[in-house]
Amino acid sequence: MNAVSKNENAALARPQRTVLELEVNNHAGVMSHVVGLFSRRAYNVEGILCLPVGDGSISRIWLLVLEDRRLEQMVKQVEKLEDVRTVRRHGADHAVFERLEEFFR
Amino acid sequence: MNAPAPQTARQTDAAPASETLTGAQIVVRLLERQGVTTVSGIPGGAILPFYDALSASEKIRHVLARHEQGAGFIAQGMARASGQPAVCLASSGPGATNLLTAIADAKLDSIPLVAITGQVPRSMIGTDAFQEVDTYGLSIPITKHNFLVNSAEELLEVIPRAFTLAASGRPGPVLVDIPKDVQAQAIEVSQWPAPGGRQARPAPDMAAIEKAAAMINAAERPILYLGGGVVHSGAAEAAVALAEKASLPTTMTLMALGAMPVDHPLSIHMLGMHGARYTNLLLEECDLLIAVGARFDDRATGKVAAFCPKAQIIHIDIDPSELDKIKNAHVGIAGDVGEVLEKLSPLVEAHLRKRWLTHMGDLRSRFRLQRPNLEDPRSHYGLIQAVADCLDDSASIATDVGQHQMWVAQAYPLRRPRQWLTSGGLGTMGFGVPAALGAALAEPERTVVCFTGDGSILMNIQELATIAEAGANLKIVLMNNDALGLVYQQQELFYGKRYFASKFAGQPDFLKIAEGFGIDTLDLDTAAAPRAALRQALQRPGPCLIHAFIDMNEKVYPMVPPGAANTDMIGG
Chain D
1 MNAVSKNENA ALARPQRTVL ELEVNNHAGV MSHVVGLFSR RAYNVEGILC LPVGDGSISR
61 IWLLVLEDRR LEQMVKQVEK LEDVRTVRRH GADHAVFERL EEFFR
Chain H
1 MNAPAPQTAR QTDAAPASET LTGAQIVVRL LERQGVTTVS GIPGGAILPF YDALSASEKI
61 RHVLARHEQG AGFIAQGMAR ASGQPAVCLA SSGPGATNLL TAIADAKLDS IPLVAITGQV
121 PRSMIGTDAF QEVDTYGLSI PITKHNFLVN SAEELLEVIP RAFTLAASGR PGPVLVDIPK
181 DVQAQAIEVS QWPAPGGRQA RPAPDMAAIE KAAAMINAAE RPILYLGGGV VHSGAAEAAV
241 ALAEKASLPT TMTLMALGAM PVDHPLSIHM LGMHGARYTN LLLEECDLLI AVGARFDDRA
301 TGKVAAFCPK AQIIHIDIDP SELDKIKNAH VGIAGDVGEV LEKLSPLVEA HLRKRWLTHM
361 GDLRSRFRLQ RPNLEDPRSH YGLIQAVADC LDDSASIATD VGQHQMWVAQ AYPLRRPRQW
421 LTSGGLGTMG FGVPAALGAA LAEPERTVVC FTGDGSILMN IQELATIAEA GANLKIVLMN
481 NDALGLVYQQ QELFYGKRYF ASKFAGQPDF LKIAEGFGID TLDLDTAAAP RAALRQALQR
541 PGPCLIHAFI DMNEKVYPMV PPGAANTDMI GG
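So the sequences go chain by chain: D and H.
FYI, the numbering for the first sequence is 1 to 105, going by UniProt numbering.
FYI, the numbering for the second sequence is 1 to 572, going by UniProt numbering.
Hints in this document: simulated from the structure, not taken from any laboratory.
Watch out, some of these pointers could steer you wrong.
As the list claims (entries may be wrong) - Calculated cross-link-like contacts (lysine-lysine; reagent style DSS-like; alpha-carbon spacing at most 27 Å):
hint, chain 1, residue 1, chain 2, residue 2
1, D, Lys76, H, Lys327
2, H, Lys497, D, Lys76
3, H, Lys325, D, Lys76
4, H, Lys325, D, Lys80
5, D, Lys80, H, Lys107
6, D, Lys80, H, Lys327
7, H, Lys107, H, Lys327
8, D, Lys76, H, Lys343
9, D, Lys80, H, Lys343
10, H, Lys107, D, Lys76
As the list claims (entries may be wrong) - Covered stretches of chain H (chain D as the covering partner; in silico rule of three or more C-beta atoms under 8 Å from a C-beta of chain D):
hint, segment
11, 69-81
12, 126-140
Claimed, not checked - Which bits of chain D does chain H cover? Going by a derived footprint, with three or more residues having C-beta under 8 Å, they are:
hint, segment
13, 32-43
14, 67-77
Note that the Cβ used here is the ideal one computed from N, Cα and C, for glycine as well.
In isolation and in its complexed conformation, chain H is listed as follows (with noise of 0.2 Å):
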């Protein structure tokens, strides 16, 4: 294996020749053996190397952002809607400064993303160097794990380690800084190393799976609540099965929608801030917490001392430090949900608890969403509705974040897991157009649509040229009411109506603003027929800004007020 052999004998695989490669053919090889097909970014001097190498891969097609946050989100939106790592590129300085706020995103919703940046040669770090920055530095806190290599040879270890590292465990981002002198080093290569991939974990306590399937056995009230992990670690057909089998109500994080189709009998919907009424009042009454993949998250459980007070609490988490950070769990679990969850089922008694669900159903009832003008497409709920009777459970929904953000996660009938890409944990403003043509790139067969503000959509509204580059099926909703819609809500409810810095005054025309990029529109408040435009345009192939506008004093409610009890709901 050491001996140089000639080229022409890389043909056959057992015996593998040496290549001589530089630093950027081997990331190039290496991102192909990943099986990597797609990436985005934008070159720079520092990157440059690669892109070198990276444009004779006959593999890899590279996405052109138009601005870094946008390749970081493309790639977001590819890692959400298939699951798999994706791949983003920047060069040094801001290039990879540009990157931090999505690899920052991709931390807090657990998102398995590789981003690769050029780095000022070698010799030049520490000098303050043209377009040089710690990004080194800059990225620890906000990603699972991350490089400055050294050397070329470095480099055959570390690509590979990134991948499983972004997919293992709790996924998330790792970054690979890259000098440009190393991307250029020459060396042999022999041999390859083996792709990147999800590691195995150590098998979950049986004891406390024992425990927990007794407890469960022996509730009364017991509650269901999924998040994100469970999305994460393909667990949603497990988790929907426990549900059935005993007889669980079951609430899902802002994470984990679509892991229980919205309109299940067990399905109480989201929980927290704007969930509906009953199933907060639900909550509050429930005597055992079942949380898998979940991590208590501030929106969700609003003032902890008082969330679920009258429960025992069974956490199960694939991140051990997750247990006992918010809420001290009776039982924790610290392993992969999708396994505990199957070796909890079979533990777990078949029980109708009749009684509970009748009280379910009776609360739901009484008091669930509040949803007025439903019928009318101009209105925020109306058109939410709309969109989704024109499609089916085959389309992607992407939002940006905001009260479009919590209308649609309230309202969109959510049936499928993947189906829901949003913003969660960091709450971008700008995640909404990038993150969904990614997921348009990931699955070209599906229709995704992304609802996103006025607000939200000039934070990224470059990317719409990569849109219509692409030539994407990407429909964008655009709830125009001319407003930092949330900020001007909690100003009115919060600050005694003092207004400040969240109405805008001067807008642009954004239904221009799209033409010029080249995108398709339709204005849905001209429209003759509103319903039938919108048809229209969510059935047309390619990309399409859809533009409506929203009454500014519109609210997302129910509303727990920020810090209050999850009881203490305003409106709805």
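Chain D with its partners taken away, still in its complex shape (with noise of 0.2 Å):
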């Protein structure tokens, strides 16, 4: 279902996906924190990806989202944890989940 291009996604009528990418403080409760943004909102994350980077004091967390009109403000909320340092927006193609699938056949 990954060989959708972006052009075919919208015409399949298929919310269009995202993957934010986070760099957070390492330690218990940062990603209850970031979850629970979403589940509050009753915002489904689709796939969540996390890992210590460096000496292992930060985390790079990455979430894939569908994306509908709330996502902006989504993302200002993530912004707003203590514990997260920035986030970025990548389209549906960014390969962290693709490369991931063959784990999930």
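Put the complex together from the two separate chains, hints included.
Here you go:
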């Protein structure tokens, strides 16, 4: 299903997917803060990936979400979290979740 | 600095010596260093090491609440009156869960609060230990930030940071959960961190400010819309100055009342669900809405699509996530509203706007707030006016939640920022009595009046004991209609008069209750000369409960039905 291009996606009227890349302080509770923002708005997170980077004081969280009109507000809310250092948005064509596909076959 | 020094060397500040202190002692010292002088709470097993250390403090007064929710609202009252972060304390389990409502209330109204809770020892976390609850998890969505502290060492960083977070940017509540063994853990402390405090914001976008100024200068029918952020930022004076320079009719949200004196010629008072007709009608016509520290709450806007339909919008807020959240702004400015107004005002041209202000005056005289029976101190508006007649602007006014709250918001002549304490966002019944006590503790030189209802007062009535103990100069005006008045009103207006669960069949004798708590009382309904009796009760130092029956069929008018446009007002 990842073979479809952006245009084909639109043609199929499927919600556009977005990949969010978060850099966060690595400690117990950070994940809970992040996903809580989504769950309490009934905004499903389709995919989550998280691993420490560098010396382990920081982690990178990848989130796969469906785009809807709340996404702008979601990104602002994530940016407000104390333990979130940066938030970057990527298009659906980002490789991180696509390469994981083989573990979910 | 690392070399251990004898205790006596502590006398000199230049060479701080190391001391062996427990986590609990460290927290007490850090609170003292923050300048905290009053805290409110209730002890219990998991926070006893902290209470033991607190007992040795000569700088901090502990106010023993009778319910942790009361402790939370007492701290809120201190914070709302002073603008400084205030501290509440609770033990683990039920102590912590009882605090949650007061914390959530602080989150929605952006009140700086530091809640410190005890937790079971680390080795027992996750074992369903006695009085164990996931305080950290429970408090995530209702705090600005929260901590579960893992070591005494961490406290040196966490406590000042909690104060910084509570006070900086958009203020809010911060919770620090401290396991009992961390409170008891002794470590060497050789250096103290600087106290936490409000941090400066990045400078606002000057280009956006210039654009906003140009829009104000070009507008024909602009309205200034002030929210609670103006009070939090200490920007009330700057907002009034801008309004005067550019001749801007100025509306206030429930949270901003007092930012502009109610009788200022440019004040069009509160907007929204229970705003006066002329206010909502004028907003309908404006061509520019300048929102300052306001968040377009649904009680203020009514149906959003129909709110200020002809207006362009300038939105100034310290929290970037508020911009474009409800209404897209034509110019959004993220920044401290005081700082933005300071930069904006010089760019705004002096303007008389005679036509617009004449129109404002015309609408005001035709559609002003109706206050029937104003001369009768035993009617709802009459009682509010009679209380105001006995006091000056130095008095602080708190409310609970319900009809009485809306009547006081509509009719009390508020003229000073931080004069007004009310639960806006969460609308928590039970807020008033403990929050008013907090205000009285923070500013003992003021008279504090708490308007409440018979539904609300029962939700934290146990704090009458705390009030009596403190001898606080607090007057509770109980408007008793034997009903949950706003529910009763909605059932009448919107549910076919099918009244259900909104009338109280059995009511306690509130005067006897107050007497039982050792509080002075006044029964306004039996007083031979109610005005004179009221004046006497308000001027006598110490706590007093003033009781008056109100007809349950009285309504808060005008009223915009929930979900309707603000121009679709009922009554008034």
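Looking at the structure, which of the earlier hints fail to hold?
2, 11
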